[in-house]
Amino acid sequence: MTLFAKYAALAAQYSRLEETGANPFNVAFETVLSPTEAIIGGRTTLLLGTNNYLGLTYDPAVIAKSVEATELSGTGTTGSRIANGSYDGHRGLERALADFYGRRHGMVFSTGYQANLGILSALAGKDDHLILDADSHASIYDGSRLGHAQVTRFRHNSPEDLANRLRRLKDTPGEKIIVVEGIYSMLGDTAPLREFAAVKREYGGYLVVDEAHSLGVLGATGRGLAEEAGVEEDVDFIVGTFSKSLGGVGGFCVADIDGFDILRVVSRPYMFTASLPPGVIAATLEALHQLRLRPGLRYQLNANARRLYDGLAGLGFTVGPEPSPVVSTVMPDPDTAFAFWSRLLAAGLYTNVSLPPATPKGLALLRCSVSAAHSPAQLDHAIALFAAAGREMGLIPPVDAPAWGERDLAAAK
Amino acid sequence: MSDSGGDIREIIFETLRSSLPRPVELSEQTHIVDDLGLDSVAVMDFVMEIEDRLDISVPLDKIAEIETLGDLLAVLRDLKAHV
Numbered sequence: 001m002t003l004f005a006k007y008a009a010l011a012a013q014y015s016r017l018e019e020t021g022a023n024p025f026n027v028a029f030e031t032v033l034s035p036t037e038a039i040i041g042g043r044t045t046l047l048l049g050t051n052n053y054l055g056l057t058y059d060p061a062v063i064a065k066s067v068e069a070t071e072l073s074g075t076g077t078t079g080s081r082i083a084n085g086s087y088d089g090h091r092g093l094e095r096a097l098a099d100f101y102g103r104r105h106g107m108v109f110s111t112g113y114q115a116n117l118g119i120l121s122a123l124a125g126k127d128d129h130l131i132l133d134a135d136s137h138a139s140i141y142d143g144s145r146l147g148h149a150q151v152t153r154f155r156h157n158s159p160e161d162l163a164n165r166l167r168r169l170k171d172t173p174g175e176k177i178i179v180v181e182g183i184y185s186m187l188g189d190t191a192p193l194r195e196f197a198a199v200k201r202e203y204g205g206y207l208v209v210d211e212a213h214s215l216g217v218l219g220a221t222g223r224g225l226a227e228e229a230g231v232e233e234d235v236d237f238i239v240g241t242f243s244k245s246l247g248g249v250g251g252f253c254v255a256d257i258d259g260f261d262i263l264r265v266v267s268r269p270y271m272f273t274a275s276l277p278p279g280v281i282a283a284t285l286e287a288l289h290q291l292r293l294r295p296g297l298r299y300q301l302n303a304n305a306r307r308l309y310d311g312l313a314g315l316g317f318t319v320g321p322e323p324s325p326v327v328s329t330v331m332p333d334p335d336t337a338f339a340f341w342s343r344l345l346a347a348g349l350y351t352n353v354s355l356p357p358a359t360p361k362g363l364a365l366l367r368c369s370v371s372a373a374h375s376p377a378q379l380d381h382a383i384a385l386f387a388a389a390g391r392e393m394g395l396i397p398p399v400d401a402p403a404w405g406e407r408d409l410a411a412a413k
Numbered sequence: 414m415s416d417s418g419g420d421i422r423e424i425i426f427e428t429l430r431s432s433l434p435r436p437v438e439l440s441e442q443t444h445i446v447d448d449l450g451l452d453s454v455a456v457m458d459f460v461m462e463i464e465d466r467l468d469i470s471v472p473l474d475k476i477a478e479i480e481t482l483g484d485l486l487a488v489l490r491d492l493k494a495h496v
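Chains S and C, in that order, are what the protein sequence lines are.
Going by this note's numbering, the first residue of the first sequence is number 1, and it counts up by one from there.
Going by this note's numbering, the first residue of the second sequence is number 414, and it counts up by one from there.
Just so you know, the hints here were simulated from the structure itself, not pulled from any lab data.
Treat the hints with caution; some may be incorrect.
Unchecked claim - No more than 27 Å apart at the CA atoms, straight line, and that leaves these computed lysine-lysine pairs for DSSO-like: (1) S:K170 with C:K493; (2) S:K126 with S:K170; (3) S:K6 with S:K361; (4) S:K361 with C:K475; (5) C:K475 with S:K6; (6) C:K475 with S:K170; (7) S:K126 with C:K475; (8) C:K475 with C:K493; (9) S:K126 with C:K493.
Note that the structure is a prediction, hence the values are computed from the model and not measured.
Using the sequences and the hints given, assemble the complete structure.
Next up, the structure:
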């Protein structure tokens, strides 16, 4: 076993989790019943950790379009766009995304991960500089490594530190490309995008915003944080995913910049991978249509997010800095996170465990994601399960002492 | 006043001592991951503290190559010399 010797410490931790019979990194859904329920271990379980923000995975119109496209054009494209050709659907979805964002260009990738890989590695050449928010998603770090640019990171959500980094690079040749996210997936906090845009205007450079968790969630028409913050003109590239609010799989980039299409023959994660199947493309196009047609989904999602956030905060859990569809509670350590997670699962509630180095500041997190499809009763049930497990484990004050927790919970209902 | 190598070494040790949960004997041979138990993100966060104090930015590919505090010192000296 010398090949995997380098993973020995991790392997030991992993098998310890397997032995407990409840490994949050190896969960199987026997049957998925709806956007909010599945059968896990023979038991009907409430899903509160699937990033299915608008609940569109079972939307009848989305399914119908997907079935129709599959019957018409087959199950797969069996090749890449550059080597084996584009289908009408690929181009149609790119036009629809560009139209939604009011930009001239759109490009579709086979996953959200690949969208970041493909865009960052192609935008920044050897003599250019990528400046990343420190809490960036792994796909942003990996995309930065795939290219040959100089990469530095600035303190999470700190316009001052971004300015410091740009100042230090002032006299260094090469383009400066700033990368931030709309909503950060671990704690659900948003970027101070207006301030970042001001720093970009002061020092020059390009701004890339990954709206993976904010598309369909923020903004007057659901375009994301750039729209919400009123700085879309300062954002040069928007990257996003189809696998959260749009309920499919895939990723995209939209932009207004001249010459954008050259990326199609320089971006390796775009060129050397199979393109999305017709059924996925058609489902995504219809989900985007539904997102635009039904702003009520977004209002419901945000009301649900607020309900869960206030409910858990009211119980005495330490939650993220602002309400968002990502609601994380801070656990004292990884073992407690595992124990708490498995207690919730045994009670019929599925959530996520997030650990360092994927999390900021070494935090162990019990992470939830809310859907527009959750009913108020489902969320209240989830909050009640958090309350019971949290008290049993001594993570929150007992029921008698902190009457304030109960009052807040009641007020949130 | 420019930071000499000795000053930078002191800044590294000082920053580490204030951020580590328990006191550890530090030298240029100290292995950052094995001896200090820092994960990849913790290393980057710790370097960030030093970047502030020296007013430099350390590219991530340089951080990836660093194994010991001596390696870190060499990288910082080099970057500081080119500011």
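**Prompt:** Is the Cα-Cα distance between K170 (chain S) and K493 (chain C) 27 Å or less?
**Reply:** OK: K170 (chain S) and K493 (chain C) at ~16 Å, within 27 Å.
**Asked** Would the pair K475 (chain C) and K493 (chain C) pass a check requiring their Cα atoms to be no farther apart than 27 Å?
**Response** holds (14 Å)
**Asked** Does K6 (chain S) pair with K361 (chain S) here, judged by a C-alpha cut-off of 27 Å?
**Response** Holds - the C-alpha atoms of K361 (chain S) and K6 (chain S) are around 25 Å apart, at most 27 Å.
**Prompt:** Keeping to a limit of 27 Å between CA atoms, is the pair of K126 (chain S) and K170 (chain S) held or broken?
**Reply:** holds (17 Å)
**Asked** Between K475 (chain C) and K6 (chain S), does the CA-CA distance stay at or below 27 Å?
**Response** holds (22 Å)
**Asked** Regarding the pair K361 (chain S) and K475 (chain C), is the alpha-carbon distance no greater than 27 Å?
**Response** Holds, because 22 Å separates the two Cα atoms, which is no more than 27 Å.
**Item:** Given hint K475 (chain C) paired with K126 (chain S) - CA-CA distance at most 27 Å
**Value:** Roughly 15 Å separates the two Cα atoms, so the pair holds.
**Prompt:** K475 (chain C) and K170 (chain S): Cα distance at most 27 Å?
**Reply:** holds (20 Å)
**Asked** Given the proposed pairing of K126 (chain S) with K493 (chain C), does the C-alpha separation stay at or below 27 Å?
**Response** holds (22 Å)
Checked against the numbered hints listed earlier, the structure breaks none of them; every hint is satisfied.
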